[in-house]
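Participant: Sequence:
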Amino acid sequence: MTTALCVLGFLQISVTVVLAQNGWGVTYNTKSICAYTGSTVKMSCSYTYPSGYTVTSTFWVLNKGATDLTTFSSYSSRVTYHSDTNNGNTVTISDLRLTDSAEYNFRFITTTETGKWTGQPGVTLSVKDGPKNTSVSVSPSGEIVEGSSVTLTCSSDANPPVNKYTWYKKNVTSPKASGKSYSITNTRPEDSGVYYCEAENECGRFHSSSVFVDVHYGPKHTSVSVSPSGEIMEGSSLTLTCSSDANPPVKNYTWYKKSVTSPKASGESYNITTIRPEDSGEYYCEAENKYGHFNSSSVFVDVHYGPKNTSVSVSPSGEIIEGSSVTLTCSSDANPPVNKYTWYKKKVTSPKASGQSYNITNIRSEDSGEYYCEAENKYGRFQLFFCVCGCTLWPKEHLSVTQSLW
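The opening residue of the sequence shown carries number 26 in our numbering; numbering runs sequentially from there.
Hints in this document: simulated from the structure, not taken from any laboratory. Treat the numbers as computed from the prediction; the structure is a model and nothing was measured. Since no wrong hints were added, every one of them can be taken at face value.
Simulated crosslink set (PhoX-like; lysine-lysine; CA at most 25 Å straight-line):
no., residue 1, residue 2
1, K289, K276
2, K403, K370
3, K189, K205
4, K315, K245
5, K403, K377
6, K333, K365
7, K282, K245
8, K403, K333
9, K377, K365
10, K141, K56
11, K377, K333
12, K205, K195
13, K195, K157
14, K283, K245
15, K333, K371
16, K365, K403
17, K89, K56
18, K276, K245
19, K157, K194
20, K189, K157
21, K67, K189
22, K141, K67
23, K245, K289
24, K157, K201
25, K56, K67
26, K56, K189
27, K157, K67
28, K201, K189
Here are the simulated distance ranges between beta carbons:
no., residue 1, residue 2, range
29, P273, Y106, 55 to 63 Å
30, P273, S119, 45 to 53 Å
31, Q145, N111, 19 to 27 Å
32, G405, A290, 25 to 33 Å
33, E168, S322, 24 to 32 Å
34, S126, E168, 44 to 52 Å
35, S250, T374, 44 to 52 Å
36, S268, E168, 21 to 29 Å
37, N196, K283, 36 to 44 Å
38, R213, T149, 45 to 53 Å
39, T73, K157, 37 to 45 Å
40, S108, K205, 41 to 49 Å
Where a beta carbon is used, it is the ideal one built from N, C-alpha and C, also for glycine.
Using the sequences plus the hints, can you model the full thing?
Facilitator: Here it is, written out as structure tokens:
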């Protein structure tokens with residue numbers, strides 16, 4: 026049978042001790058225990074006796090004596106017994122004192138005068154003062170900057186002296202290192218956290234108070250989010266928000282538009298109200314703290330709007346002669362681009378044509394009149410009126426085209 030090392034409690038040397046004679050015997054789970062003052066210790070055993078006897082009493086005694094441990098005033102409130110159905114018994118002593126150092130024996134009594142047995146030798150308990158003033162020092166002192174090195178050193182006043190140091194980081198299960206000192210070279214942000222050391226000697230283990238390793242670094246992982254998401258309509262409002270990982274936190278945020286020299290704004294968020302087509306473009310933010318600055322990747326702000334700045338061009342240019350041909354072309358600024366052009370002549374119900382261009386061949390006097398081009402996308406439509414004007418036509422007489430917004 027083996028036993029485990031208990032933190033801040035005691036150290037058991039795992040030895041099975043069997044003491045038997047003519048069917049009488051006590052088997053202790055350990056030979057000796059070292060424990061700290063203030064801790065709790067458990068000592069266990071099992072016992073045997075010949076058939077024909079009935080056990081009437083079981084208890085533990087001091088130094089091969091015969092008096093139940095619980096009858097001593099110094100023990101009565103600190104000692105408990107536990108028996109099981111397999112002739113096993115455990116004594117638990119809490120709040121250990123230096124004076125508890127002694128040999129502890131298990132004793133049992135049967136119904137006959139000669140049927141009494143004390144297991145000898147028993148378990149030797151040595152109570153020691155636990156480690157005192159266990160602490161961690163950090164070198165160098167002051168701010169810890171990413172890429173630098175830092176050394177943690179564990180100190181402890183213990184009797185017996187510490188023979189093993191182990192380093193832990195809070196919320197990390199496995200140890201980080203062993204030894205009196207723990208060095209972290211080329212520190213990274215993920216090295217930040219709470220560290221402590223565990224000092225161990227032959228009696229047990231003791232944790233130091235913790236220290237916080239705070240690795241400082243310049244901004245990184247800088248990014249921009251857009252709200253609301255989705256399509257951006259002319260006249261609506263838009264907020265760009267900059268996020269960055271930095272320690273200490275980012276002190277200054279600056280907003281830029283690509284191909285524009287001067288900054289657009291400062292602050293973690295940049296609000297564009299009543300957005301216009303000219304606000305379209307690539308934006309990025311710069312995050313800065315005392316250790317550096319870092320630019321985000323850019324986001325494209327794409328402002329959608331209906332057709333505007335619509336115009337009509339005439340080809341060939343110049344005067345239009347009866348019998349010739351002319352091509353009218355409609356152009357419009359829109360985002361997304363115009364997906365439908367329609368041509369109308371005033372006082373004529375049905376459209377004259379569709380498409381960006383309208384061809385009039387073998388032009389005649391009745392082709393004179395007021396026309397308009399209608400440009401349309403998903404956000405709206407825009408109509409541009411123009412006039413194909415002329416006098417009474419004679420052969421080779423000239424026509425002209427004028428346009429206006431009606």
